[in-house]
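Novice: If you want the building blocks of each chain, they are given just below.
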Amino acid sequence: MNRRHLIATGGLAGAVSLAALPTASAQSQGATTLDKILKEKVVRISCDVSSPPFGVIGSDGKPDGVEVETCKQLARDMGVELDLVQVVSTQRLPSLLAGRSDITLSSISITFDRAKAVSFCNPTGALAIVVFGPKATQIAAPADMAGKRIGITRATLEEATVPKIAPPGTKIVWFDDISATIQSVLAGQVDAIAMTEFAMRSVIDRNPRAGLEQKLLVTRAFYAPVVRHGDVELRQWINTWGFLNRQNGVLGAIYEKYTGIKLPELPVI
Amino acid sequence: MHYVFQFNVVWDNWRILTDGAVATVEMSVAAFALGLAVAMLCAWLRGFRSFAVRGVVRCYVEIVRNTPLLVQLFIIYFSLPGLGVRMEAEDAAVLGLGLNFGGYATEILRSGVEAVPYSQIEAATALGLSRLRIFRHVILNPAIRICYPAMASQFILILLSSSIVSAISADELTSEVNTLQSTTFRPFEFYFAATAIYLALALAFRFGLDGLFWLAFERGRPRLGQGRSRRRPA
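Just so you know, the protein sequences line up as chains A and B, in that order. Residue 211 in numbering that gives the first Met the number 0 sits at position 212 of the first sequence, with consecutive numbering throughout. Residue 116 in numbering that gives the first Met the number 0 sits at position 117 of the second sequence, with consecutive numbering throughout.
Honestly, I wouldn't trust all of these hints.
[Unchecked claim] One side only, chain B facing chain A, incomplete, derived with CB under 10 Å:
1) Leu79
2) Gly81
3) Gln119
4) Ala166
5) Ile167
6) Ser181
7) Pro186
8) Arg218
[Claimed, not checked] So the derived list for chain A, only partly shown, Cβ under 10 Å to chain B, looks like this:
9) Lys115
10) Thr180
11) Ala186
[What the hints assert, rightly or not] Computed spacing ranges between beta-carbons, pair by pair:
12) B:Phe47 / A:Lys61: 45 to 55 Å
13) A:Gly229 / B:Glu25: 37 to 47 Å
14) B:Pro67 / A:Lys61: 18 to 28 Å
15) B:Ser49 / A:Asp82: 56 to 66 Å
16) B:Pro67 / A:Val79: 31 to 41 Å
17) A:Arg205 / B:Gly83: 18 to 28 Å
18) B:Gly207 / A:Gly259: 51 to 61 Å
19) B:Ser49 / A:Ala139: 51 to 61 Å
20) A:Lys38 / B:Glu25: 21 to 31 Å
To be clear, the hints were calculated from the coordinates, so they are not data collected in a lab. Note that beta-carbon positions come from the ideal geometry of N, C-alpha and C, so glycine has one too.
Taking the hints into account, I'd like the entire structure generated from these sequences.
Specialist: Following this line, the structure appears as structure tokens:
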């Protein structure tokens, strides 16, 4: 193909795409996010892969964990391809709101404030938030946190719960991702950190010499997939999918595989 | 996609944003001062005959300029405690930003000093100027003049790259914005606000530093292609 031919083809393609533009946008106005996913055969799901055991990078370098496996199951059941949008915890909701993904499925605990920004589906799992640290740190009750440095990851359930029980004088140290929070306690930059009970177990198992132990149980909560407000059809599909996978035991099997704990009875919203 | 912007939540938190912006400026100024001191030390050490001394400076410059700033910050904050060196996140941030800038500033200073032609120094010596006056007028003044624009843009770069120090929990504008967006769930509003504040700071400093340059070097000088310089030599 000579150059002139190329230019002519390019120009033609441009003209065609320009002409097609108004119709495409007219279509997208009426189409729901669910329609778009089914049409493009790709579902984009935001997931944090630095949050064991929900999302981790496995030894083969690929994302793994409860929520990653659940994302895969959802895409499989929907009959579409999975585009896993890997984010840090602070970007789990912003990436969804910005339209970088269609769903966020990343152990998002159900809270009043989050429900103002996004629509929760029915819960797919449960977690507990704990405070833990080295044996030398003396914390037996929330009041003991006074004067201590407590590491917390932004945009997590611990951010929403720990400051509420912490007495005045607690120095809360904020990190942007969970791995930095873990490093802070291992490096001795903080006296204790707060995260999920599962994450604590994995940190303790991987760092036996650090002598870490649980100090406090902060709260227990359910988490669920979220979609943008207004994506009613997509939310309904996810709820139906969740119902079927609770019934057939798939969700329970995934949860137990990574946490070693039986999936508790899940209520619905 | 529907998204209703609610900027009132930004105004409600203007105090926190202002504190964050002030912390960012303080941190940047401190890092700039530290980096400049390091660069002057390095420039001085570079003049040594000893191969080892010059080699140390060379290594420092190459390591700093060829590794990511984020990794440097992680090493200072998370790895140094293993060697018994422990510091507050803000101090670690200033140290990291300062040492990083120091590497670049060393090279900028070198370019400024090397740009002064040796023949000018010879000419000044021939005119009988003292060593101090040669250094002050023939070397330092043109060198600063040459370095200044690069140093000024490095300062803006520090101001902007200080946004990554929230990764080691240091408090500045970006970390405050991240906390606000994650607790209010209004990410766009706060990121827009942060963008506007960074833009305003960067532009204000650029104009300020440009003005300072004009006051120090340009004022009263004839412009190129005007006045005396246009006249053909007789």
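Novice: Just pull the numbers of the violated hints for me, sorted ascending.
Specialist: Violated: hints 3, 8, 20.
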